[in-house]
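**Q** Input sequences plus hints: build the corresponding full structure.
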Amino acid sequence: MEHILQVKDLNVKFRLDGGAIFDAVKGTSFDIPRNSTVALVGESGSGKSVSAMSIVRLLPREQAILSPRSEVLFNGENLLRATDARMRDIRGKDISVIFQEPMSSLNPVFSVGNQVSEVLRLHMGMTKAQAWTRSEELLNEVGIPHPKLRMNSYPHELSGGQQQRVMIAMAIACEPKLLIADEPTTALDVTIQKQILDLIAKLQASHHMSVLFITHDLAVVGEIADTVVVMQNGEIKEQGTARQIFESPQHPYTKALLMCRPNVSKRPMRLPVIEDFMGPAGLQPEHLAQRHRGYAPDDEIVLEVKNLSKHFQLKEGLFKKRDVPAVKGATFKLARGKTLGLVGESGSGKTTVGLTLMRLHSASGGEVLFDGVDLLKLSERDFMKYKRRIQIVFQNPYASLNPRFTVGQILLEPMTIHKIGKDEQERVQMAMALLQRVGMPEVSFYKYPHEFSGGQRQRIAIARCLTMKPDVLICDESVSALDVSVQAQVLNLLQDLQDEYKMSYIFISHDLAVVKYISDQVMVMSDGDVVEVANSDEIYLNPKQEYTKKLLGSIPKGWQEEKAA
Amino acid sequence: MSAVLTTNSTAAPIHQASPGLWTLAWRRLKRDKVGMVSLVVVVFFLLMIAGSYTGIVAKNWSKEVGVSYANPSFLSGAVNLEAKVENKESVAKVPYVDLSDIDPLAPRYKEWEERTAKIKVTETPRAETLLFGGDKWGRDVLQKAIKGAQTSIFVGLIAAFIATFIGTILGALSGYLGGRVGDFMEWFYNVFSSIPYILLILAFAAVFASSPAMADFRGVPMVIAILGLTGWTGIYRLIRAEFIKHGSREYVKAAEAIGASHSRRMFVHILPNVSHVCLVQLSQHVVQFIKAEVILSYLGLGVPVDSVSWGTMLAEAQSELVIGKWWQLAAAGISMAILVTAFSMLTDSLRDALDPKIK
Chain A
9 MEHILQVKDL NVKFRLDGGA IFDAVKGTSF DIPRNSTVAL VGESGSGKSV
59 SAMSIVRLLP REQAILSPRS EVLFNGENLL RATDARMRDI RGKDISVIFQ
109 EPMSSLNPVF SVGNQVSEVL RLHMGMTKAQ AWTRSEELLN EVGIPHPKLR
159 MNSYPHELSG GQQQRVMIAM AIACEPKLLI ADEPTTALDV TIQKQILDLI
209 AKLQASHHMS VLFITHDLAV VGEIADTVVV MQNGEIKEQG TARQIFESPQ
259 HPYTKALLMC RPNVSKRPMR LPVIEDFMGP AGLQPEHLAQ RHRGYAPDDE
309 IVLEVKNLSK HFQLKEGLFK KRDVPAVKGA TFKLARGKTL GLVGESGSGK
359 TTVGLTLMRL HSASGGEVLF DGVDLLKLSE RDFMKYKRRI QIVFQNPYAS
409 LNPRFTVGQI LLEPMTIHKI GKDEQERVQM AMALLQRVGM PEVSFYKYPH
459 EFSGGQRQRI AIARCLTMKP DVLICDESVS ALDVSVQAQV LNLLQDLQDE
509 YKMSYIFISH DLAVVKYISD QVMVMSDGDV VEVANSDEIY LNPKQEYTKK
559 LLGSIPKGWQ EEKAA
Chain B
1088 MSAVLTTNST AAPIHQASPG LWTLAWRRLK RDKVGMVSLV VVVFFLLMIA
1138 GSYTGIVAKN WSKEVGVSYA NPSFLSGAVN LEAKVENKES VAKVPYVDLS
1188 DIDPLAPRYK EWEERTAKIK VTETPRAETL LFGGDKWGRD VLQKAIKGAQ
1238 TSIFVGLIAA FIATFIGTIL GALSGYLGGR VGDFMEWFYN VFSSIPYILL
1288 ILAFAAVFAS SPAMADFRGV PMVIAILGLT GWTGIYRLIR AEFIKHGSRE
1338 YVKAAEAIGA SHSRRMFVHI LPNVSHVCLV QLSQHVVQFI KAEVILSYLG
1388 LGVPVDSVSW GTMLAEAQSE LVIGKWWQLA AAGISMAILV TAFSMLTDSL
1438 RDALDPKIK
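One line per chain: the protein sequences are A and B, in this order. Using my numbering, you'd call the opening residue of the first sequence number 9 and step up by one each time. Using my numbering, you'd call the opening residue of the second sequence number 1088 and step up by one each time.
A couple of the hints might just be wrong.
BS3-like, lysine-lysine: derived pairs with alpha carbons at most 30 Å apart [as the list claims (entries may be wrong)]:
#1 A/Lys21 <-> B/Lys1120
#2 B/Lys1340 <-> A/Lys427
#3 B/Lys1117 <-> A/Lys477
#4 A/Lys510 <-> B/Lys1340
#5 A/Lys329 <-> B/Lys1120
#6 A/Lys385 <-> B/Lys1120
#7 B/Lys1117 <-> A/Lys21
#8 A/Lys393 <-> B/Lys1340
#9 B/Lys1340 <-> A/Lys341
#10 A/Lys336 <-> B/Lys1120
#11 A/Lys323 <-> B/Lys1120
#12 B/Lys1332 <-> A/Lys329
The set of hints was computed from the structure by calculation and includes no laboratory data.
**A** Given below as structure tokens:
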């Protein structure tokens, strides 16, 4: 038989609170051939994860309703009809799954070796000693350094990338015929993402298994997928070989997904968004006007940072304290109406720079000159005046808005604190105007954050900052938690606002393509050190430092670039 | 909802409040059958004590309306030895001895008898049976139970409010500020909670009862004060943990970034997000304090003798049980069991309904 898995007319509905029914997957069919990688691509809510989870029957039993017509044939056996005992046997042995968050998928109180060998003992019937030896080989195979030592490590002692490698080791332990990878690299840095992708591709070939790779980012799968399935709103929009999808996409939605991710080689005035493509005329992305970036010598400098450093103190033993440097002497300038991009892997100190500038962390040394005043030396009371002029948009829009406040309260609060606007009525008017400005209907004023999607919440968070009319806006990974398509909309909004209000941005991100798109100047950080600062085109075309080159090398290139290279 | 809205949204300016987390919680509670039944029971009890407080019901609980240990009406046939003894004593004729020759007051007896005859004496006949029986003095046990509920629930509610208030404030300060303030409060908490609970209550009771400053403070207010001042420790720990957790959340950082003060961050931003913990703790402590009041009153440290609570009823019941009069124990025990069970189940349902998973 040619296909290892055939999904036929899969229909999944969910029972919601209050008896409503939600159509999650509407009759999708796709096949996974032997020894190949199939990518399932779509935005959140497109039904891609639901489809994958219904293959291994891991959907919540009370809520999920599967249509009786649906079939999932694994080697000809319909898994939707299989007994629970049979499913337990298949899961982990014939089909295994790796999830997005390796930290929460590993049990923190057992050592890594314990967890890997448990799988082997349960499914392969190995003895303890056999399982232990085999686990060590597996850790070695997935590229964990010093596997012998690491067998006794606990999950928290490993980095995110290493944890994901352990998860992969567990998944391939029983030589599965199908590996389902549910956004396995989304929570990881670009450099680590690259390594994990390479690893999955290598294992797929050496173990002769099939991989179902789920992601919201088309660019990621370009290098590893044989077949691509594009989903939207529970329906399959397009499926075909990777070459077809990347070189001649037929459906406008696929085109949109390909185009809305910022590209390192182009910089249109605005990023194309899904609606541009779904319109009657469609869009010809080749003709978009390009934007020029970079600092000019006569730029007015708003913020000048000299030798900023930050040490965290860790307690060691009873009385000892150890200094851990997070930022070691960062020096940079920010021009009015321009954007400084801050890139680096996690732990490089880029977020600490942002928080220290705003005095959300106390700095250990250095100067932050804003209008010639050193912000770090001001008293709390004097700093209050400057607080409204530097604002921050956080990464996670689900956490940064108080769930017990209405959007109206969220927007009015900063105005009340800083006494902006004559009276309540004027403030309400200003809040309404800002809501419209960030593209939200006025009704939102009376709603609570939980009623909005991630992208909408991020708009609200941006509107909250705008109430104070800041000169400098720090965007701390502000678009990293969003789907690529939503990310494009928020980036466009940020760009429009900058053009309109002449705000300066400090844009912190681990995604180099996004930073390249939005920044005039880029600062690369690693382990608290500033590695390189230069105009963004220069740094991408002509990186001077090894570290910068390595970062640039790990940007997912999609399909076309790879062919060109 | 939006479908309904479109019909009139064009006319009126959109001022449509959407369901907040509390509204959603209420909707979920309404779907929980056990929770709703418990809620009805609890509301019934609250209405009952409101009635007894205003005097609509159980106003005359202290009237001795029945014979001593009057039988419950469903046991009217049972022999009531206690009442017989009492009646015999009152009707027993003492053999008449003529002492008029040596009694100096003898000539006046007649005059006195005439004068007493003028005063009308109406003797209310004592009921042989009462709805749920009577106690030693012939008071209606059912009315006593209702009046007792008033005292017990009042004590439980107010003491729980006080304890939750203290626990929340201290927990918020300790969890949010941390550092030295937090350390100090942890020490205080550790010392306070190292004393066995019952012993602590008794110590407080002894101090309160003997100090002259607290003289007009005895009785119910004293019980409330004792329970409120000793019962905050568990709440403190929970609220402290919640504040530590929320203190590092991004929305609190965002509030700091826009310049919100410490007290604003603590009580305007974080407190509403942990209020479900306060509410659940409050209702759990109501149950706990109702039981504690019973223990205190049973030990004689609770409410004074001229008022009644479930605790005093239970204390009386122990001597009655010996002679087979079980109904006072049953009345207090059953009503307390119903309320406490309903309250506990309501608390469980509340916790489920308020679980902020939907965030």
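**Q** Against which earlier hints does the structure fall short, listed by number upward?
**A** Hints 3, 5, 6, 10 and 11 not satisfied by this model.
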